[in-house]
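K.L.:
Listed below are the residues making up each chain.
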Amino acid sequence: MSVVSPRASGSSAPVGRRRLIDSARSSRLVVAVATAVILVVALVWDPDWRALRVVVSVLAILVAPAVWDSQRRVIRPAVAVMLALILMALIGPLFTRDPLMLSVGESLTGPSGDLWFGTDQFGRDIFARVIHGARLDLGVGFSAAALAVIVGMPLGALAVFRGGLFDSVLLRISEAFQSFPTLLLALGIVAAVGPSIPILIFIIAIVNVPVYLRLTRSAVAPIVNADFVLAARCAGQRELTILFRHILPNVRQVVLAQFSVNVAWAIQILAALSFVGLGVPVPTPEWGAMVREGYEQLVYGRWWVSVFPGVAILTTILTLNQLSDRVRHGT
Amino acid sequence: MSPGERSEVPAPEIESKAAAPTDVPVLDVVDLTVGFGSSTNRRSIPLQGIHLQVAAGERMALVGESGSGKSLTAAAVLGLLPDGAEVIRGSVRLDGEELIGAPERRLRDLRGRRMAIMFQNPRASLNPVLTVGGQIAEVIRVHGEAGRKESWSQAVDLLAEMGIPNAPRRAKDYVHQYSGGMAQRAALAMALSCRPDLLIADEPTTGLDATLQQQVLELVVEQVDSRDASLLLITHDIAVARSHCERTTVMYAGRVMESGPTATVTADPKNPYTSALLKAFGTVDQRRMYAIGGVVPTLLGELGECAFADRCPLAAPECRDGVPELRQLDDRRVACVKA
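Going down the list, the sequences are from chains A and B. Position one of the first sequence corresponds to residue 1 (the working numbering), numbered consecutively onward. Position one of the second sequence corresponds to residue 332 (the working numbering), numbered consecutively onward.
Quick caveat, the hints were computed from the structure, so don't treat them as lab data. Some clues are possibly wrong.
[Stated by the list, open to error] When the alpha-carbon atoms are kept at most 20 Å apart in a straight line, the in silico SDA-like pairs for lysine to any residue are as follows:
1. B:K610 x B:P592
2. B:K610 x B:A646
3. B:K669 x B:A640
4. B:K610 x B:T595
5. B:K669 x B:R642
6. B:K480 x A:R245
7. B:K480 x B:G465
8. B:K610 x B:R573
9. B:K503 x A:N250
10. B:K503 x A:R245
11. B:K669 x B:G635
12. B:K503 x A:P249
[Said to hold, decoys possible] Where chain A lies over chain B, by a calculated footprint (3+ residues, C-beta under 8 Å):
13. 452-465
14. 469-478
[Claimed, not checked] Label pairs and their in silico Cβ distance ranges:
15. A:V254 x B:A594: 48 to 58 Å
16. A:I173 x B:D414: 16 to 26 Å
17. B:Q508 x A:D325: 21 to 31 Å
18. B:G511 x A:D325: 25 to 35 Å
19. A:A192 x B:A477: 47 to 57 Å
20. A:I173 x B:G478: 34 to 44 Å
21. B:G625 x A:D325: 50 to 60 Å
22. A:F166 x B:G478: 30 to 40 Å
23. A:N321 x B:V626: 51 to 61 Å
24. A:A192 x B:G415: 39 to 49 Å
25. B:S510 x A:V74: 30 to 40 Å
26. B:A477 x A:I173: 36 to 46 Å
27. B:G415 x A:V169: 14 to 24 Å
28. A:V74 x B:G478: 35 to 45 Å
Every residue, glycine too, gets a C-beta built ideally from N, C-alpha and C.
Only chain A is shown next, with the shape it has when bound in the complex (with noise of 0.2 Å):
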């Protein structure tokens, strides 16, 4: 039983309250979506994925406060899952073995002191391969949900603020993606284009923009003439400075909390298409991937070849699936 009602000290909380979307300024916004933009343009020429670690460690720095709940005096249990995924994935590689490294003399070993997840049929290390597969799946799984954040999001505020032509228009080419199924229209381009990280990102961006415009096309309806929009004109602001200072931050909890579902759903998207074989190159270590490569040895009995990617996999989903809804309710 809890000493310290929740309630009353959540009625006389503190001015300066940190919340995971009340602490996060327009600011932080910005620098988030600057790092979105630096990764998209870095990946095309980096791929050591350097840009990546910057990239998740501002992510990272941005919501560490979040961690805790000063009003219930308890751990966030999914922003600190979360926490440990990205870190996971930004300095796991560097405690782990080779996960590239073949060795044919202990394949298909199972969980040990020494070998924690075992190793799959061609002795690669299924540990090293699960920590690096956090990287990529992570990696394509934000940047691509950002990447169709920003596009998404201004072209849907735009779409209300323009209206008329440009609205349907706009409209009707999301609908067009849309009524596509996601995966089989995912499927079809990579099988026109060739599977690449780059391209994969590109992607999964491109299916889940409609998603982003919709959202803010109706979240952003209600207040594009709420009275202190209005104000904001009447005291001789820009439309354009309307439009980022003063409409958009008011949309984007919905946004926010569509981002963390969205990222689950690229990092799905990423482990269907390498299930298939349409995802990533072969030897490159990817949840999705890891599964169907184990699959068929779980009738042997050696489960432990897709059950661990496939738990990385559930845990990422079900963490995201959590913090969406925790800022969707604003705690």
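Starting from the known structure of chain A, arrange chain B on it as the hints suggest.
P.N.:
For chain B alone, coordinates are given in the frame of chain A:
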């Protein structure tokens, strides 16, 4: 920063009462006519030839019932008519500068800096996700050279001037942490942040409870006066006009019915509508509430007669002969053939 640090511009000397403004009025609205729809498909004409002059340092009340066009007049002055509305004819001058047809850039520059507005619902007119101080500072930055720190401290000073206790701390709060009265004080601070020549207060106290109304109105008047600004107070409460404004303009159905010094207009109304409006407010010893019979005319087209003719106790055939002109009558102007 103290209020004295702001450069005190010597105001043109106009001792409000009855003095016919000889120099250029701060706001000069002449024959302003606004319609909805296009010229080929006119849906309604809610403002039909508005005349309105506000002299420097003067407090003008714009009185009328709902739908008489008070707020639309304010919107037209600011150049922020709602979608579908357009100015058909007429002119709006701010310090002699024509605003109708002025480029959007120029209007944007004037809004907030030379003319500002505060709205009925203060909570809705402040952005819920920006700090109150931040919003005020932003307006200061948009119109001046002040940097981030400078504009912030100016915003804090303004909030303190408006009577917000512990302003340095409260400036960092969001509007949901403010009470209604405080939010309206903050809205006033924002409106006055760039020392406008004209403050339009659109029913600033309607959303507040009765005890606060008086306080906020007094604050508005006091702050406007101390800045030598002019006030255009939009209200449907003629009592508010009587106690806070030197001059009053009575509007009805998109027309100006009577305009002049508040004292003479309310003591001896020359337009039957003004007297009806005054009567409708009633007194304590009245047995029954007085109501004006009939309904407000639809404004689908320009009326060719007095808009009040259908409801007027003094209506005569000549009232229907044309729109009564706004005639000068001693120190006031009346639109009534009978006056």
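K.L.:
Taking the hints in turn, state whether each one holds.
P.N.:
Hint check:
no.: 1; hint: B:K610 x B:P592; result: 19 Å, holds
no.: 2; hint: B:K610 x B:A646; result: 18 Å, holds
no.: 3; hint: B:K669 x B:A640; result: 11 Å, holds
no.: 4; hint: B:K610 x B:T595; result: 15 Å, holds
no.: 5; hint: B:K669 x B:R642; result: 15 Å, holds
no.: 6; hint: B:K480 x A:R245; result: 19 Å, holds
no.: 7; hint: B:K480 x B:G465; result: 11 Å, holds
no.: 8; hint: B:K610 x B:R573; result: 14 Å, holds
no.: 9; hint: B:K503 x A:N250; result: 17 Å, holds
no.: 10; hint: B:K503 x A:R245; result: 17 Å, holds
no.: 11; hint: B:K669 x B:G635; result: 17 Å, holds
no.: 12; hint: B:K503 x A:P249; result: 17 Å, holds
no.: 13; hint: 452-465; result: holds (count 8)
no.: 14; hint: 469-478; result: holds (count 4)
no.: 15; hint: A:V254 x B:A594: 48 to 58 Å; result: 54 Å, holds
no.: 16; hint: A:I173 x B:D414: 16 to 26 Å; result: 25 Å, holds
no.: 17; hint: B:Q508 x A:D325: 21 to 31 Å; result: 26 Å, holds
no.: 18; hint: B:G511 x A:D325: 25 to 35 Å; result: 33 Å, holds
no.: 19; hint: A:A192 x B:A477: 47 to 57 Å; result: 55 Å, holds
no.: 20; hint: A:I173 x B:G478: 34 to 44 Å; result: 43 Å, holds
no.: 21; hint: B:G625 x A:D325: 50 to 60 Å; result: 58 Å, holds
no.: 22; hint: A:F166 x B:G478: 30 to 40 Å; result: 36 Å, holds
no.: 23; hint: A:N321 x B:V626: 51 to 61 Å; result: 57 Å, holds
no.: 24; hint: A:A192 x B:G415: 39 to 49 Å; result: 47 Å, holds
no.: 25; hint: B:S510 x A:V74: 30 to 40 Å; result: 32 Å, holds
no.: 26; hint: B:A477 x A:I173: 36 to 46 Å; result: 43 Å, holds
no.: 27; hint: B:G415 x A:V169: 14 to 24 Å; result: 22 Å, holds
no.: 28; hint: A:V74 x B:G478: 35 to 45 Å; result: 41 Å, holds
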